[in-house]
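Each chain is listed here by its residues.
2 protein chains.
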Amino acid sequence: MIDSLRRYMPVLDWGRTYNREAFSSDMIAAVIVTIMLIPQSLAYAMLAGLPPEAGLYASIAPILLYAIFGTSRALAVGPVAVVSLLTASAIGQVAEQGTAGYAAAALTLASLSGAILLLMGVFRLGFLANFLSHPVIAGFVAASGILIATSQLKHILGVPAHGHTLPEMLASLFLHLSDTNLITLAIGLAATSFLLWVRNGLRQTLMRLGIRPKVADVAIKVGPVAAVVATTVGVWAFDLADQGVKIVGTVPRSLPPLTLPNFELELVSALLMPALLISIIGFVESVSVAQTLAAKKRQRIDPDQELIGLGAANLGAAFTGGYPVTGGFARSVVNSDAGAETPAAGAYTAIGLAVAAVALTPLVYYLPTATLAATIIVAVLSLVDVSILRRTWAYSRADFIAVTATILLTLGLGVEVGVASGVAISVLLHLHKTSRPHVAEVGRVPGTEHFRNIHRHSVETDPALVSLRVDESLFFVNARFLEDLIQTRVTEGSEVRNVVLMCSAINEIDYSALECFEAINHRLKDMRVGLHLSEVKGPVMDRLKRSHFITNLNGRVFLSQFDAWTQLSRSPDGHGTK
Amino acid sequence: MIDSLRRYMPVLDWGRTYNREAFSSDMIAAVIVTIMLIPQSLAYAMLAGLPPEAGLYASIAPILLYAIFGTSRALAVGPVAVVSLLTASAIGQVAEQGTAGYAAAALTLASLSGAILLLMGVFRLGFLANFLSHPVIAGFVAASGILIATSQLKHILGVPAHGHTLPEMLASLFLHLSDTNLITLAIGLAATSFLLWVRNGLRQTLMRLGIRPKVADVAIKVGPVAAVVATTVGVWAFDLADQGVKIVGTVPRSLPPLTLPNFELELVSALLMPALLISIIGFVESVSVAQTLAAKKRQRIDPDQELIGLGAANLGAAFTGGYPVTGGFARSVVNSDAGAETPAAGAYTAIGLAVAAVALTPLVYYLPTATLAATIIVAVLSLVDVSILRRTWAYSRADFIAVTATILLTLGLGVEVGVASGVAISVLLHLHKTSRPHVAEVGRVPGTEHFRNIHRHSVETDPALVSLRVDESLFFVNARFLEDLIQTRVTEGSEVRNVVLMCSAINEIDYSALECFEAINHRLKDMRVGLHLSEVKGPVMDRLKRSHFITNLNGRVFLSQFDAWTQLSRSPDGHGTK
Chain V
1 MIDSLRRYMP VLDWGRTYNR EAFSSDMIAA VIVTIMLIPQ SLAYAMLAGL
51 PPEAGLYASI APILLYAIFG TSRALAVGPV AVVSLLTASA IGQVAEQGTA
101 GYAAAALTLA SLSGAILLLM GVFRLGFLAN FLSHPVIAGF VAASGILIAT
151 SQLKHILGVP AHGHTLPEML ASLFLHLSDT NLITLAIGLA ATSFLLWVRN
201 GLRQTLMRLG IRPKVADVAI KVGPVAAVVA TTVGVWAFDL ADQGVKIVGT
251 VPRSLPPLTL PNFELELVSA LLMPALLISI IGFVESVSVA QTLAAKKRQR
301 IDPDQELIGL GAANLGAAFT GGYPVTGGFA RSVVNSDAGA ETPAAGAYTA
351 IGLAVAAVAL TPLVYYLPTA TLAATIIVAV LSLVDVSILR RTWAYSRADF
401 IAVTATILLT LGLGVEVGVA SGVAISVLLH LHKTSRPHVA EVGRVPGTEH
451 FRNIHRHSVE TDPALVSLRV DESLFFVNAR FLEDLIQTRV TEGSEVRNVV
501 LMCSAINEID YSALECFEAI NHRLKDMRVG LHLSEVKGPV MDRLKRSHFI
551 TNLNGRVFLS QFDAWTQLSR SPDGHGTK
Chain R
1 MIDSLRRYMP VLDWGRTYNR EAFSSDMIAA VIVTIMLIPQ SLAYAMLAGL
51 PPEAGLYASI APILLYAIFG TSRALAVGPV AVVSLLTASA IGQVAEQGTA
101 GYAAAALTLA SLSGAILLLM GVFRLGFLAN FLSHPVIAGF VAASGILIAT
151 SQLKHILGVP AHGHTLPEML ASLFLHLSDT NLITLAIGLA ATSFLLWVRN
201 GLRQTLMRLG IRPKVADVAI KVGPVAAVVA TTVGVWAFDL ADQGVKIVGT
251 VPRSLPPLTL PNFELELVSA LLMPALLISI IGFVESVSVA QTLAAKKRQR
301 IDPDQELIGL GAANLGAAFT GGYPVTGGFA RSVVNSDAGA ETPAAGAYTA
351 IGLAVAAVAL TPLVYYLPTA TLAATIIVAV LSLVDVSILR RTWAYSRADF
401 IAVTATILLT LGLGVEVGVA SGVAISVLLH LHKTSRPHVA EVGRVPGTEH
451 FRNIHRHSVE TDPALVSLRV DESLFFVNAR FLEDLIQTRV TEGSEVRNVV
501 LMCSAINEID YSALECFEAI NHRLKDMRVG LHLSEVKGPV MDRLKRSHFI
551 TNLNGRVFLS QFDAWTQLSR SPDGHGTK
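These protein sequence lines map, in sequence, to chains V and R. Under this note's numbering, the first sequence has 444 at position 444, and the numbering climbs by one with no breaks. Under this note's numbering, the second sequence has 43 at position 43, and the numbering climbs by one with no breaks.
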């Protein structure tokens with residue numbers, strides 16, 4: 001009982017040995033992560049089209065729940081860029097941005113996503129994430145980064161614009177270009193340049209000034225906060241909101257509220273597929289971050305338990321005014337680098353953010369949305385890594401096709417079509433690769449009991465006897481190939497009287513392949529040609545016997561290929577002609 | 001030039017040796033098939049929700065075009081039951097049955113389907129049909145048969161009813177049960193019983209009366225015509241149309257008209273997916289019929305050329321007032337049994353049907369639709385073969401799940417959802433089966449250079465050295481399994497210093513698997529454990545070298561596992577510790 005409880009609640013493991021030392025490491029990490037998360041949470045909420053407080057709320061309960069159920073010691077759960085984009089795309093199809101229905105749909109989406117993750121965890125379906133090939137994920141993330149950065153340009157220009165695909169967004173921006181608010185543009189460009197410099201140049205500058213590397217790293221992390229403070233003060237001091245600069249405005253001072261998601265059938269069925277997509281994409285992102293961090297400390301994570309942790313986190317978000325969350329790369333790395341030792345660090349971060357939600361929200365009233373947009377743009381630029389195109393081109397054409405299609409379809413038709421097509425294409429290409437099983441026509445190595453490929457070795461053959469060695473398991477995609485191959489071979493060689501299939505490498509024959517075998521058997525019977533099997537593995541033979549195929553076989557089953565040869569061939573050395 | 005023309009137009013092959021003998025065989029077959037096709041064509045048009053003449057038109061140009069481009073000598077192309085049902089389901093979503101838009105949408109659907117088939121043929125994509133596993137096809141056909149038979153009950157009862165799924169149809173029939181027209185019901189039941197008796201009892205009766213088997217078979221084929229004649233005469237003689245018996249009514253006397261399909265973007269995009277589905281289902285049905293018939297005469301068909309033949313046939317249907325067509329089982333078998341020797345038999349059938357369209361259509365004015373419904377019901381009952389459930393249950397659970405899901409989803413949610421889910425489920429189950437590559441931990445057979453599974457043989461091992469033999473090619477679905485397995489093994493054995501992957505059975509490593517290798521390499525580096533490869537095949541090694549993986553490898557590549565062992569182990573017999 002306790003054991004199974006412990007399996008589902010890893011907190012019972014690490015919680016028992018928690019001590020003062022771990023507490024102080026966790027506390028320090030929590031302070032740094034909290035400072036970083038405040039502007040990030042507001043920004044990602046904006047990306048999802050939600051009011052800023054939704055980002056804060058989505059960072060509080062989910063972190064606590066993940067700390068109880070998750071297996072990674074360093075993962076920080078909350079809103080992330082790609083999932084925020086997916087959320088905007090999903091709920092944009094059922095409600096108008098800015099309406100109450102929109103925020104309500106986000107809750108429904110989070111609860112569906114949470115339920116899907118929980119179910120996948122309970123039924124141990126974590127392997128489903130493997131169906132997303134790496135090139136498809138890389139292409140999808142790169143294309144999402146471009147979409148996200150483009151979607152924020154409207155805030156930098158201070159114009160209204162819309163669209164969920166690159167052409168839509170660019171066309172909409174172009175139409176509104178003349179409405180650009182120049183003060184907003186100035187703030188946006190200044191914030192973007194400053195953040196780029198913080199990310200790329202600040203460290204070196206500080207080091208040259210003799211600042212210690214550790215301190216320099218902290219300075220980089222609080223860079224976004226500096227941009228937030230500076231532009232907020234600027235807007236307030238010069239009354240820029242009156243000049244048309246869009247600001248965050250009133251954010252309620254409140255702990256996360258208790259919210260009840262809406263489960264109307266129509267809404268649920270419209271959001272079910274997007275929720276599935278968000279769950280799987282979020283899970284893949286989260287697990288790969290968690291695995292990378294765990295490996296550094298020779299720890300392990302359990303992907304199926306991770307599903308439960310993330311499911312609980314999303315349900316938490318759904319009931320506390322948030323939206324879909326997952327383990328984020330940036331925040332997790334910062335958490336780990338800052339010295340977090342246990343998931344308790346996450347709990348302290350949650351407390352810090354709760355304090356911020358209650359006490360600090362009035363301070364962001366004058367924060368210009370252009371600054372938040374700059375934060376997002378600089379954060380996602382690191383996602384836009386199209387080197388995957390070059391790398392797959394060099395390594396494998398099939399992977400290159402999959403990644404190119406994913407990028408183009410994501411940019412051109414939106415995130416959902418993009419990732420779904422990417423998955424479909426990579427599965428199809430894989431199945432196509434496996435659709436031609438290797439089959440060798442074999443003959444006897446003279447004087448031995450060995451049989452080898454007739455095209456590679458000089459072997460004995462008999463024009464009336466065709467022996468084919470099948471080198472792969474047979475299933476619906478590749479079975480018909482064998483069927484065609486045998487029919488071609490027999491139709492070509494009109495003197496063929498017997499066909500032997502050498503099954504030594506066949507581990508499985510699915511039902512479709514069985515039916516192909518039956519069809520071959522039937523056709524060869526019509527052509528008065530015998531069909532024989534040799535060297536069938538035990539488990540395969542057991543199954544074949546259950547299917548009556550063996551009873552109806554227009555020939556015999558031989559233990560060895562040599563037996564088949566001696567019984568069926570009329571070879572000149574006198575072995576044959578039983 | 002001539003050769004490539006001949007490849008695309010098989011008529012140039014058989015046409016050159018056509019003689020009087022073949023002509024007379026073909027003529028006889030054509031007369032029998034024509035008589036059988038007249039009621040069938042009218043009935044399938046009704047099933048598709050189209051006016052009866054559409055069925056005749058769809059049997060004329062398509063047969064001629066297939067005769068020119070197709071490779072099967074006995075296949076008869078035209079309207080078939082399952083494709084008619086798919087057509088009704090597809091165009092029912094874009095237009096109201098009975099309107100001009102409905103018939104127009106059928107033309108668009110046929111032209112899209114033709115274009116898809118032609119493109120698949122030109123790009124030699126016939127293998128795509130293999131992605132439909134046999135159990136999914138069998139389940140789909142059985143469920144379609146049930147849907148088709150149920151959809152015809154409204155004509156037998158003489159009530160209006162609608163719906164594209166079994167629950168919808170049954171509910172709708174139940175609501176209208178009290179409106180049943182008893183005369184219609186009597187005609188429908190009489191026709192159904194008569195046709196069932198023709199199919200099951202007539203032959204024996206005739207044989208007992210001393211009729212020759214050949215003649216008896218012809219009698220069975222003209223049975224439906226007898227039912228048509230008898231009920232038509234009955235309705236005309238007793239003025240039953242005035243009693244509410246639905247009749248076919250006016251059918252225009254005309255050769256197939258020239259029609260121009262509508263290619264409005266909205267209509268095309270709505271019909272594209274259904275057209276793809278119809279193309280693939282139709283192709284699978286047609287090819288399996290053609291292959292069965294060809295095998296009997298030791299002939300071959302070319303599946304990619306079949307795509308071109310069927311594509312041309314569908315385009316022909318689109319431009320002559322028809323709807324989607326494919327090679328039908330019943331008509332092809334009759335054609336073949338009646339002695340057709342070349343595709344010219346199809347051309348003569350087309351002429352016969354054209355004569356019927358011009359001269360005989362007034363004769364069917366009083367034909368009750370209940371008789372046509374009876375024809376359809378009796379024809380599709382042979383499709384309803386649910387023994388596939390029992391057979392797959394006995395043979396393979398995965399196949400059983402796929403077929404059950406296909407049947408239930410087709411009945412419950414309609415043909416399109418049903419077949420799409422069936423395909424998805426069978427692909428997922430197959431990928432799941434392959435998602436755990438076989439990996440054996442190996443040790444050295446003492447005193448030899450051989451390495452064997454440590455769980456099966458008594459072998460030398462070294463706690464600091466883990467050797468894993470990977471027995472399958474690695475790709476995105478199974479690569480992460482290996483990654484997890486290595487991490488678990490190394491995390492468990494804290495004294496592990498080196499891991500060797502023995503790659504003798506790996507034929508391919510896709511890009512996702514390469515990235516898993518890189519991740520393993522990176523993590524093992526973090527854990528200060530070396531990662532080594534042994535016995536890598538040439539082509540795999542060439543690819544790995546192009547990717548920098550080998551350059552960054554946290555260990556070495558050994559030609560043989562024995563080399564790796566001697567260099568890395570600290571085994572007590574003194575081989576190790578380089």
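Among these hints, one or two may not hold up.
Which copy is meant is left open, because identical chains are indistinguishable; a pair holds if it fits in one copy or across any two.
EDC-like mimics (lysine to aspartate or glutamate), calculated; alpha carbons at most 20 angstroms apart, straight line [stated by the list, open to error]:
#1 K537 <-> D471
#2 K296 <-> E416
#3 K296 <-> E518
#4 K296 <-> D239
These aren't lab readings, by the way, just hints derived from the structure by calculation.
Going through the hints against the structure:
1. K537 <-> D471: Answer is both; intra-copy 13 angstroms and inter-copy 17 angstroms each pass.
2. K296 <-> E416: neither (34 angstroms within a copy, 49 angstroms between copies)
3. K296 <-> E518: between (54 angstroms within a copy, 15 angstroms between copies)
4. K296 <-> D239: neither (50 angstroms within a copy, 89 angstroms between copies)
Hint compliance for this structure: hints 2, 4 are not met, and every other hint is.
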